[in-house]
Structure formats: C-alpha cells, structure tokens
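Enquirer: Okay, here's what each chain looks like letter by letter:
There are 2 protein chains.
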Amino acid sequence: MPTHPQSYTDLCKLLREAATLGSVSALVSWDQETYMPKGGSAARAEQASILAGIVHERKTSKKIGNLIAACEANASLMADPRHGANVREMRRDYDLVTKLPGELVQELAKVGSQAQDVWKEARQKSDFKMFQPWLDRMMALTRRKAECYGVPKGGELYDALLDEYEPNITAREIDSIFTPLRKELTTLVAEVAQATKGTKASKGAKAKKPVKIDTRCLTEKVDPAIQHEFGQIVLRAMHFDLDAGRLDVTTHPFCSGIAPGDTRLTTRYRDEKFTDALYGTMHEGGHGLYEQGLPKALGTNTLFGTPLADAISLGIHESQSRMWENFVGRSREFWKFALPIIQKKFGKSFKQYDVEDFFRATNTVTPSLIRVEADEGTYNMHVMIRFEIERALLAGDLKTKDLPGVWNAKYQDYLGVKVPDDRRGCLQDVHWSFGLIGYFPTYTLGNLYAAQFWETINAKTPARGAAPSIKDLPKKIAKGEMGELREWLRKNIHQHGRQHGAGKLCKKITGKPLEAAPLLRHLRGKASEVYGIK
Amino acid sequence: MPTHPQSYTDLCKLLREAATLGSVSALVSWDQETYMPKGGSAARAEQASILAGIVHERKTSKKIGNLIAACEANASLMADPRHGANVREMRRDYDLVTKLPGELVQELAKVGSQAQDVWKEARQKSDFKMFQPWLDRMMALTRRKAECYGVPKGGELYDALLDEYEPNITAREIDSIFTPLRKELTTLVAEVAQATKGTKASKGAKAKKPVKIDTRCLTEKVDPAIQHEFGQIVLRAMHFDLDAGRLDVTTHPFCSGIAPGDTRLTTRYRDEKFTDALYGTMHEGGHGLYEQGLPKALGTNTLFGTPLADAISLGIHESQSRMWENFVGRSREFWKFALPIIQKKFGKSFKQYDVEDFFRATNTVTPSLIRVEADEGTYNMHVMIRFEIERALLAGDLKTKDLPGVWNAKYQDYLGVKVPDDRRGCLQDVHWSFGLIGYFPTYTLGNLYAAQFWETINAKTPARGAAPSIKDLPKKIAKGEMGELREWLRKNIHQHGRQHGAGKLCKKITGKPLEAAPLLRHLRGKASEVYGIK
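If you're matching them up, the sequences are chains A and B in order.
If you count the first sequence from 1, position 478 lands on 478 in the numbering used here, and the numbers rise without skipping.
Numbers in the numbering used here are just positions in the second sequence, counted from 1, shifted up by 534.
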C-alpha cells in the first residue's frame, strides 16, 4: 500500500479521536445498564450529555469537512477501492451529521425524552389518547428531520429517514420485497393454524389429527448461574472471543461493540424458560461476532473510527444476530450439539427429552400480540405491520387518531389475532415515542439477508458469481464446530466494514439482489418439518 | 444566602464540567480494574489518555484563571467563610496544576511508566541494581517537579511535594510527630517480643509464661460468596449507602468516589483468611463514607467540582478508612456484633470460637517485612522508614546506591527483623517507581488523626474546645448501631469539604494540634490487653 496523503492520515486521526470519545460514551451507557448504583443516575445523565456534546462537536468540526474535501480532490486516493470508499462514506457521515440544525437535534432529544415518559404511562394505562398528541409532535419533528436530510429525487420522506439506519434502500424497494413476503406468510400462518386444529375426513382426503407440539422441555427450571455457564459455552462454540468481550445481565439484552478488543453482550435469565436467555445470548453473540470481526484493531494505520472499520447497516448487523439465533440456534443440528451439555449440566429432568423435542419446541408457529415475544415464523408480520403504519403516518396518509383501529385490523388480517387493548397493541413498542421511525424494517431486512446468505453458505453447488459454500456445515454444527462459519462471515462480511453497501454486498455474496424467496423457503421448510404441512 | 456574583457562578459551572469529565475518567479506571476484558487494554489506554488531556486542558484554562481573579477581587464573596474558602482553595488547585510545564508532566508520565515496568522486573528478580538508574531518573524529575511547585521559605524540597497530598504541613512538622512515635513504638514492639518469649524468674520478679495468641479462628475456610454477603452486612451496619455505591472484587482493593451518588469500593477474597477481605471492605468503606458525606449532591447550586465538595487531604481521607478498619473493626465490641452473624453464616467450624478469640487474633503485634501485610501495631514503622529514606533521597543526603543498606539497617533497628533480599526489602512498593514521593507519610498521618478523633469521640467528658463525644459508643457498636458514629463524622468532618485545612480541622474537633500520644495510647492499650504488658 502506498503512503497515504497527509490529509487522509490527519482525517483518520481526528475520526479515531472522536471514536475513542464515542467508545467512552458507549462504556458509560453499558455501565448504566449493568452495574451503576441507582443513586448515580443524575450524575450519569450529566456525564452522557457532556460526552455527547464533545463527540458531536468533534464530528461536525470544520476541520473534518476541509480534510474530507482535500481527500476528495486527490484522484489517486479516491481510485483506491478501499480508501476511496472510506472517504466517500466519511463524506456521507459528515453530511448526515451536519445537516441537522443544533436546535432541531436538541428539540428531538428533549421532546423525545418527554414523549417517552408519557408513552410509559400511557402504555401502563393502555390509554392511547394520552400519548396521541405527543406522537403528533414527534411525527412533526421527524418530518422536519427528514426534510433536513433531504428527500431523494422521485422518493418519499421515509427514504430520508431510512438512510440513517439502512443506507441506499428506498421504502418502495422494501415494499416490493415485503409484499410477497407478507402474502406468503399469511398463507403459511393460516396453514399452520389449520394443522393445529386438524381436519375431518372429506371427499378424497383422509382426516388429519391436530398437530400438538409438546413444549415442556422449555419450561423446566434451570438455575440462572448454570444458564450463564451454558451461555458462555455456546459463545465459545460460536468462537466469540471472551477475552475481548463479556456477557452480563440487563433488563433488555444488547450488544455494545464498545471499543477495539472490548465487545460486551448482555442477556437476562428466567428460571423457567432457559431458551429466552440462550437465544438472547446467541442473538447478541451474532452482533458481537460482527463487532469483533470488523477491522478496527489498534496500531499503526488502524482503521478504527473510520467507515472501513464500521458496520454497514442495521439490516446487515441484524442478519448476523438472526443467523446465529435462528438459522444455527433453532436448527436440529444445534440441538444435537447442545443436548448432551444440557443433560449434563441442567439436571435429571432433562434426561427425558431428545433432540426432536427441542427442535420442535423451539420452532412452533403461533400468532401472538407482542413483537418481542413472537416466534421466528410470525415475527416478520409484526415488523411489516409497523413498517406499513409508520410509512403512512409519516406521509400523512394515516392520522394518529386512526392508528389503533388500523393496527388492530392489520393484526386481524395478517395474523388472525384480536388485539384486546392498546397496551398489547399499538402502544407496545418504545420506538415511535422518541422518533425512531424508519428503524423497524431493518429487523426483517436482517432476517431476509440472513436467509439469503444462509442459502449461499449451505449451497450444494455454489450459484454463479456467489461466494463459495461451506461443506457439510450442518454436520459440523452438530459437532459444535462453528469456527468455519465464523470465518466465512468474517471473510465475506465483517472484514470489509463499509467498503460495500448492503445491496452490493448481498449481490457479491449471493449473486443476486435481496429477495423474499430464501426466507420463505426457510420458514416453510421448518413448518413442514414441525407441522407436516407441504 | 445572598446570590453569588456571576463570576463565581460561572467558575463553579466550569469546574463542575471538568469534574464531570473527571468522573468519567474515574469510571473508566474502575472498569479497567473490575470488568474490562483483557483485550480492551490498548483502547483503554487511549480512552484514559484522551480524557486526561481534556480534563487537564479544562482545569488549566485561562478562563478559569480569570474567573478566580475576578472572584478574589470581590471582597464580600471572599469574606464568606465557606465560599471565600472555596475560592482560596480553587486558587490553590489552579496554581498547582498550572505550575508544571506540560513537557515535565509528559516526561514524568513517560519515564514513570517505563520505570514502573523496570521496577516490576527488578522486584521479581530481587535485583536493585537494575532499578537504581531508573530511581535516579525519577528522583531527578521529582526534584524538578518540587522546584516548579516552589519550596516554601525556610522549608525543603520535600515540603513542595507534600503539598500535593497533604497541604499545609512540612517535613519538619511530620518529623516532630514521627520521632516520638517511632521511639515509643520501638519500645512497644520490643516489649511485645519479650512477652511472646516469656521470662525466667529473677530476683524480685516471677517467671512469665510466653504469651501465645491462637489465630486459628482467622484461617478457617469461608466461601467468597458468603464473605461477600458478610461484607455487605458490615457496610450496611456502617451506614454505607449501597444504593449509591457498590462492592466489587479487584486484585488491589480501592475506593473510588466516582461521582455524586456513585461511590464504588473493591476488596479481594481469599478462602482461608476472611479478615483480609473484611478489613479491606471496612477500610475502603471508611473512605467511601467520606465520599458519600461530602456535599456534592447535584441540583441547583451544587458544589460538585469545587473544593467545598472535595476531601481535605490524603491524611484525613486515610483517617476515615483507618478508623473503621482499626478502631471499630478490630475492637472487642465489633466482634460482639459480628460473631453471631459469622456463626450463623460461616458454618459449624466457627462455633468453637468466642469474641476474645477474634479480638486477640486480630490484634497481634508481629514485626514483619512487608508493609501491606503488617498489623496495626507495626504498620507505622514501615511508613516511617519510608518517610525518612525518601526525604533523605530527595535532599541528596542519601545516594540511591546506598538505599538497600540503609533500608535493611532501619528494619533491623526499628522492627528487629532481618531483610533477606531486596524483593522483600526496598523493592516491595510501587510508589517510588512512578514518582510518588511525599505520599507515604499520609498513611501514618491517617492513623494519627484517627486516634486523636477517636479519643474525642469517646471522651467521658469532652475536652475544652473539642467537639462533643458520643455517649456509650462501644455499647452501640456491640449492638451493630453505628449510625451515630457516621453522623458524627459527617457533621464534624465530611460535610465541610475543604473549608478547613487538616490542621485547623484537627484543632476544631479535638481542641489540640495533631500529636503522637493518642495513637500511642491506643496501641499500648491494645497490646496490654492482648499481651498483658503494662
């Protein structure tokens, strides 16, 4: 590699310093959720705020703007596939962060914080009317934010918001993938419902007994300390580096890629459902492997703080967590690996269950009301409902007063469930209360990317232009050998940072643009194994 | 209280912001010792360094200097006993922090870090010659530091260093207290040694059997988890607020008053000596109570970040930790309180011991080689040896090449022990390797202050001009009622922050300047109870 121009070196240094301060912010947040005594909360708010101010000041400095311009003027630098991409992404970040006037950022933070408090109370009381004026205010502020970002030609306001979480994709493109997904899933959910009821004999068809899945193996009690030990065994099997990370307990599980060499995961333990913590750990572990795989190690010419050492998008990040949680963790092969450990560590009551018990119990499809408790089969329905609604709200096609009615109708249509109250309906998620709009679809994009990558990884013969597959991966997983999968992800996804956008990366890996079919094949395949539907 | 002038309000705000950033530094250090995965150390060094730079920049800003000058020009503000003192102490801090040229600060940090690495290896190899040139370098740099601080008229270089840790005291003053202390303690140690040997009958005196203290009660095994639970019971009895603090495990115990409402203690557990962790916890708990008692709560007109919300000196801080560790924790009454809890929680093997067993076992006097393992009776000897040596080294009266010889001779003279090698001799402490000179005497000053305060607290009739005593404190401690002691400390010491200097505070509380007699009475009193000497 030739030496870089001074402007690029200086720019990387300034960004690294800002990122170092950002990493302190991340640690401060992590501590707040894990070990901070409650008496520390007032001081913590001041710490977080002063750090956020310093980081913002550094990221929006004129100096950075000038250095980016100087780099852009350097043709040979820009022609470098990696460092040229790095500068282009720096420009993207800088424009995004400098486009919002300080006054709007403060207003969003202030009103968002108040609205979140109102939301909490409204949810508790199941009182949508109480929350509605605050949702209106947040929608208005979010529209202003989208306008500041700027609507791409021929696009809509929602696209401008998406750009913050999932760059280079439009609402229309998402819709074109979500529509077939929703239709097929609606059918699948109905078929599963039918199978669980059974059918009487009719002309030309025999009677079918109702399919009942025994899930008792999931509700046996397991001591949290033993669950924690098991979680760490699984993380080690995933090749998550526990010398460069940790696993702790919080109310809401998360992964924080705090700093180079320091990636922290959290989960939560319930005595009576160990798979909650297990899948929480595998999910966050998937995010954690992405963070550990990004090329951000410190040292001479470190990329830390620059886009080449940063994750592509929320959707790609989510693809990593979902792959480990659902494609690995809910597979028959995973249970082949895990069962002997469970039977050894969890006690006698587990001796009565076999791999099929766990495979079936962790792959039930049951329409439900709450997104965060939904199973793999129905989860995306919850996301798509939110995407449709927030898109319509932002465009003004839906008034907030009509939100509960529309919400409930969609739950009835897509999932066949009746929403009994707004607490379990349109008030269940925190996102909208503080202006997180354009975020929900990334959850399902994650599932879609994961499914499409997974087909490539497991292809008998690699598709044209696609990355090579891993031979006999299921057999390897059954033996607890998951290192090759981690290497594949690292080589094909993690190590590139933001050199490629999500769409390009998807094509580079799978040979095709993102589509609904792989995820549908995956979900139908499981439903057919578990419920015997075709 | 009248409204403050704008310059004072602005000044307090700037100092609070610097302190908030300082509190982030403190959290980052705490995390490094407790939960940081080892892979995070390179990033942690960068985080710590960038934060230190920002805090230093803020604390030395011209703006602060100008505001202090503006406050000093305001006669009515300066006449206020509290806020006037606050400004005077701000001036003191500002002068201290701006007196060292940046180049010297960096050199001290850099050479200190290298010298510490060399010291580690030299200690391991017990090779003083290896360390000697680095000690010479650190001494030279420290002399330069002292010269920058400035030597007070008629004083010596050492006084300038003391000012950083124990303001307003001189080496000569310390010497005038340490000299009688050392003489009396030398005698006491010899008498105890005699008692443990016993004496034959002689003219006019009967034979005395050797006094043997049975310390088996301290070496019974106790599970660390149970020790941790016990430590928290003791902290609660001390009225340490665990909702505004924590107790964790580290290699070296410490207390960090991280931020308002957030004071964190650490200790370490050994299966086979539970009093190590217990006294570590009580010691750090004493520091922690001081931190929790300082008036630094956030809110309108908060004092956080200003001297009025800051600890007076290391000696006064240490007096708080030593009081709880030694005067409370090693008392017969404490064991009356603790024994039933121990017998309930620690298991059957503890049923055979009584209060006297624990009282005697935790108050043995045994000359030894290592300061951090020394008992209460001999600890100060270790400190005084270091004070004498570092004072002579700094003044140039002692050459580093002669250090081991002088060290060993003093151990022989004062404690009657033979130093077998430098690892267990002059290489045992880390302090000098990174320039911590003038720090050691604060340990013994802490013991002296604690003893003098303790006599006032327990006086049958309060001395003239002294603070009122607590009625029947020993009886209260025996019942686990320690709230009144905490209130006394809070009222007489903690709440004043740095309004008074250590010397003034001592006179205000005890009616007398600091002297050796109270500590000597305390130590002789215990030795007489345990060893039967007069």
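Hints listed in this document are in silico derivations from the structure and should not be mistaken for laboratory results.
The structure presented is a predicted model; accordingly, all values stated were derived computationally and were not measured.
A couple of the hints might just be wrong.
Pulled a few chain A residues facing chain B out of the computed Cβ check, cut under 8 Å [unchecked claim]:
{"#": "1", "residue": "20"}
{"#": "2", "residue": "33"}
{"#": "3", "residue": "39"}
{"#": "4", "residue": "245"}
{"#": "5", "residue": "249"}
{"#": "6", "residue": "261"}
Backbone N, C-alpha and C fix where the C-beta goes; we use that ideal spot for every residue, glycine too.
Enquirer: If a hint holds in the structure, say so; if it does not, say that too.
Expert: Results of checking the hints against the structure:
1. 20: holds (5 Å)
2. 33: Hint on residue 33(A): violated, closest Cβ of chain B at ~13 Å, above 8 Å.
3. 39: holds (3 Å)
4. 245: At about 6 Å, which falls below the 8 Å cut-off, the nearest Cβ of chain B leaves the hint on residue 245(A) intact, so it holds.
5. 249: This hint is violated: residue 249(A) lies away from chain B, its Cβ roughly 12 Å from the closest one there, beyond 8 Å.
6. 261: Interface hint status for residue 261(A): holds (3 Å vs cutoff 8 Å).
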